[in-house]
Structure formats: C-alpha cells, structure tokens
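> In order, the protein sequences belong to chains A and B.
Just so you know, we're using this note's numbering here: the first sequence kicks off at 106 and counts up by one.
Just so you know, we're using this note's numbering here: the second sequence kicks off at 106 and counts up by one.
It is worth saying that the hints were derived from the structure and are not from the lab.
Given the structure is predicted, the values throughout are model-derived calculations rather than measurements.
Among the hints, a few may not be true.
One copy or two, it doesn't matter: identical chains are merged, so the pair holds either way.
Stated by the list, open to error - Subject to a maximum C-alpha distance of 30 angstroms in a straight line, what follows is the list of computed DSSO-like cross-link-like pairs (lysine-lysine): (1) K203 with K144; (2) K161 with K231; (3) K227 with K126; (4) K333 with K203; (5) K387 with K371; (6) K231 with K126; (7) K203 with K126; (8) K126 with K161; (9) K227 with K161; (10) K336 with K144; (11) K161 with K371; (12) K387 with K336; (13) K203 with K339.
Number of protein chains: 2
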Amino acid sequence: MQERLAGVADRVQSHLDQVLKPFEGPVGEAMRYATRGGKRVRAFLVMESARLHGIKDSCAIWPGTAIEAMHAYSLVHDDLPCMDDDALRRGQPTVHVKWDEATAVLVGDALQALAFEMVCHKDVPKRADLALALARAAGGRGMVLGQALDIAAESAASPLTLDQITRLQAGKTGALIEWSATSGAVMAGADTAPLQAYARALGLAFQIRDDVIDVTGDAATAGKAVGKDAKAGKATFVSLLGLDEAKARAGALADQACDALSVYGKEANGLQHLARFVIARKA
Amino acid sequence: MQERLAGVADRVQSHLDQVLKPFEGPVGEAMRYATRGGKRVRAFLVMESARLHGIKDSCAIWPGTAIEAMHAYSLVHDDLPCMDDDALRRGQPTVHVKWDEATAVLVGDALQALAFEMVCHKDVPKRADLALALARAAGGRGMVLGQALDIAAESAASPLTLDQITRLQAGKTGALIEWSATSGAVMAGADTAPLQAYARALGLAFQIRDDVIDVTGDAATAGKAVGKDAKAGKATFVSLLGLDEAKARAGALADQACDALSVYGKEANGLQHLARFVIARKA
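Same shape as in the complex, but just chain A (with noise of 0.2 angstroms):
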C-alpha cells in the first residue's frame, strides 16, 4: 500500500511543481514549502475513485492535485498561533514560524483558491459539479464548522462527548475525505452513495487512529508533536473509548468501508487496502 501511496505522491508533487513554478514572492515560496510531504491520502481517494469509473488519470491529477492543496492550505491556518499553534508540520517548522503569521494566512487564503482554480481546469469533467461540492465540503458547513467546533472545545466547560466529537471529525477531516472519495463517481456522473458510504466510515476510522497515535505514537514517526490531546484535557475517542475499544472501532469502521464496496468487485481492492492501511499507520 505505501507503494501505491507513494506512487501517487510523486505524480501530485511533480503535478504541484509544475502548477506552483509561476507564483512568486514570499507568498509563493511558502505555497511551495506548505504543499511538500505528507501520505497524499486524498489525492489517493480521487485517482483510485476516477479509475473505478473509467477517468483517465490525466484527468483526475487536477482534482486529486487541488485536494491536496486545499488540505494544506487547512493545515497552514489550524497551525496559526491564534488556533492550535504548533511550530512543527511534518518533521519541519510551520509556516508562521519559517516565514510570519502574515505570510501563512496568505499562504493559506492563495493554496485554497489554487485548489478551486485545479478543480476547475478544462480537462476535468462535470468541474462544476465538482467545484461546487469542494466549496461545500470546505466551507462553513464541511471543513470549516468542523474547525470552529474544535476550537470552541477547548474553552468548553466540559470534554466533548461521542456525538460531538464524531459530528466534529465529520466536518474537520470527513467532509474532504468524502469529497476525495466521491470524485470519481461525480466526474463520471454515476451513483456516489458506495462511495460515500465507504469514505464517511474511513473518515471516522482515520481520525479514531490519528487519535490512537496522539497517544501511543513518539514525535519522531508521527512528525508532529504527540500527546498534546491528553495534556490539554480534550475528550478524544481514546479518551471517551479507552485504546483498546478505540482501535476496535476503528478495524470494524475499516471493514464497514471495505463492505461498501462491494458493489465494484475486485476493482475497488486499491480502496479496500486503504482503509486496511489508514487504521494501522504510526503517522
């Protein structure tokens, strides 16, 4: 699987390389910095999507390409002093620290316009369509809701429970999952409800493990600083589940995605080896 991961990294870094050369300045040198590394997961999701529905790879790049930059683009802006304030992405220093706070919210307002920007390049089809489920997925009722609620958590008089903790994940790390994941289906025009069905339980599952890894993981593998949940207080599925009943859900959410796509046949094995993949991973 991390073959097959890294196959597609190399494809959306060279894609990145290629789309980022013309952005100057500061702004752009951080565009660049912020877009390298990372498991390339989404950008996954939409390729081995678009292939199940017979969309040429040169096709799904821009979309897969524009959901890695959308991602990045959260990530340089959850790591602002002003919200999680972390000094260290990937192994290296955030943006805000590298460059300034100034710079990463550019940074960040310019990588989601690009993604938009990709998505809607010529050669994808139905980029409407598409566009129009990105800008749902990330705004204030995707992506962004799901930030607000983690922010508001932390100043909570009480720990989250289950269902605001799974309504939250939904949002931060769901709704981008299941865009990724639904690509395909929605540049073919064909039934996204395997798809979705399958990325909502991966989705859950993704974030259970990143949690798993907050509290078992060491900085060195997961290249960000770990155990940073448990010494703020903030309620977790590990520390609402306990880790054993965590990781458990998280391998019967893993299976529940895989059941989904059974309707592909041996065609969705790429997808099936994922889920497998993302509840095993160390970072």
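Given chain A's structure and the hints, the job is docking chain B onto it.
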C-alpha cells in the same frame, strides 16, 4: 447613482440573508456580520455586466453576491493584527475585535469557500469558466499577491514607486473588479475585452480615490480610520503624484473607462455613471 447602488445592495443583502441562514455557531454569526454593509460596487458591476449581455437578474445575483462574499473575506483577513491590524471597518468593530482572531481566520476561510459555492450554483451560465476566472483573480497571482506586496511594502527600505503601487493595486483591488465587470460577458460567452479595459481603468481610479480619501476624508464619513498611510510613511498615489495630480489622474481614468464602453451604446450608462461616482465618493 447612489440610489441604483442602494437597489443592488438591497438585493444582495436579502440574497445573503437567505444563503447564510444555515450557517451556525459564532462563525455563522460572524459571517453574517462581516458581509453586512459596504457600497456593493462589485455586485453592481456584475449585475450591470450581466444586463448588458442579456443575462437575467435571477442568475446574476449568484455571482453578484459571491463577489461580495469574496471581498468581505479579504477585508476580514486584511484587518487581522498580523496584517493591517484594523479595529474599525465600515464604522463597526472588526471581526477579530468583536469575536477573536481564530474566528476571524475561519470566517474569512468560510466566506471564500462560500463565494465559490455561489458562483457554481446551477442557475449560473458558464459557471465553471466563471469559477476558474474567480480562482485566478482571488489567488496568489491576483488579490493575494497584491496583499502580499502591500505587506512587504511596509517593511521595505524605500517607499514604492508609481509602477510598483500600480502593480500592487492591480492585484489587491483590480483583480476582483475586473472579474466583476467581465462576468456578464463570460456568462454570455461574449468578448470580454471592452469590459476588461473599462475595469482596469476603473480599478486604478478606485484605488487613487481611496488614497485621496485617506488624506482628505474624516473617519466618520469614510467609516474607517484615515490618515493611516501618511502616518505609516507609506507611498500612495497622493504622496507620489500630489493631491491635485492624483485627482486629475483619477478623472482621466474615469474618462478612459467610459470610452472603453462606447461599443455598448446607451446600454452602458449604468457602468459609466459608476465610473463618475467612484472618483467623487467620500467613503
């Protein structure tokens, strides 16, 4: 002219009221707050450009409202302490003052996504082309670039030259104005050249007038702090050209903008009146 602007402003506001209703929590509330007021010059450009090309108001209201959401996002981020650090906007406390910085970052992010959501509405003709153009206008080679050049100018060793300020303005204010003015032609699949020429002259006239207001205006009328540029030792069109020459330049640009529309005959009256209004306004 102010009556016609007020008519568009009313339509935009009631459309925003509808569109923003489902957004919950402090971010939803602050999105409504941040999109209130303003002259709605950009929306007026969209509505007039659409009318000129036979596009119905019920379609044009989507991009018309979208560009106001995009503009509002840029103001919210622009006002942040790490950027221009403004406490007052349109006579009211800025978002990070009334709420906090995290909310201001998220509100801007959500408003940008909302702008794309509205442009991609199914009622908008050529919505993908329009969204693509908007992404380019708003992004790291458009508005964000202008903003970055503005921030960089503050810490530069020497004040900017006229060419540098013109370039900065073309990004910061000009890109969204050009998108607005050409949007009707894009929706109709028509030639954008006359409206592009109009918009470039109008955008520059608009910025020169802003610099004039910063020197000659008072905060109560302008609805924002004035005299800031001179205090900060920033080069402006007024500091470089002198007050009289700056006013003359704005007037000549308004003439140029009007001339560019001669191909449309009397139908372009609304846009020509706007050019006259822009160089005479006090806020």
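> Reference check for the pair K203 and K339, CA-CA at most 30 angstroms: within, between, both, or neither?
both (28 angstroms within a copy, 26 angstroms between copies)
> Tell me, please, which holds for K126 and K161 at an alpha-carbon limit of 30 angstroms: within, between, both or neither?
within (24 angstroms within a copy, 39 angstroms between copies)
> Reference check for the pair K231 and K126, CA-CA at most 30 angstroms: within, between, both, or neither?
Both: 26 angstroms inside a copy, 28 angstroms across copies.
> With identical chains treated as interchangeable, where does the CA-CA distance between K336 and K144 reach 30 angstroms or less: within a copy, between copies, both, or neither?
within (26 angstroms within a copy, 48 angstroms between copies)
> Should K161 paired with K371 be assigned to within, between, both, or neither, using CA atoms and 30 angstroms as the limit?
within (19 angstroms within a copy, 49 angstroms between copies)
> When no copy is specified for K161 and K231, does a C-alpha distance of 30 angstroms or less occur within a copy, between copies, both, or neither?
both (14 angstroms within a copy, 24 angstroms between copies)
> Using 30 angstroms as the alpha carbon limit, work out where K227 and K161 are close: within a copy, between copies, both or neither.
Both: 14 angstroms inside a chain and 25 angstroms across chains, each within 30 angstroms.
> At 30 angstroms max between alpha carbons, let me know whether K387 reaches K336 within a copy, between copies, both or neither.
Answer is within: at 20 angstroms inside a copy they meet the 30 angstroms cutoff, but 53 angstroms across does not.
> Regarding K203 and K126, is the shortest C-alpha distance of 30 angstroms or less found within a copy, between copies, in both, or in neither?
Close inside one copy (20 angstroms), not across copies (39 angstroms); limit 30 angstroms.
> When Cα atoms must be at most 30 angstroms apart, do K227 and K126 count as within-copy, between-copy, both, or neither?
This pair counts as within: shortest intra-copy Cα distance 19 angstroms, inter-copy 33 angstroms.
> One pair to classify: K387 and K371, alpha carbons no more than 30 angstroms apart. Within, between, both, or neither?
The answer is within: 27 angstroms in one copy meets 30 angstroms, while 67 angstroms across copies does not.
> Treating 30 angstroms as the Cα threshold, decide for K333 and K203: within, between, both or neither.
both (22 angstroms within a copy, 29 angstroms between copies)
Comparing the model with each earlier hint shows no violations; every hint is respected.
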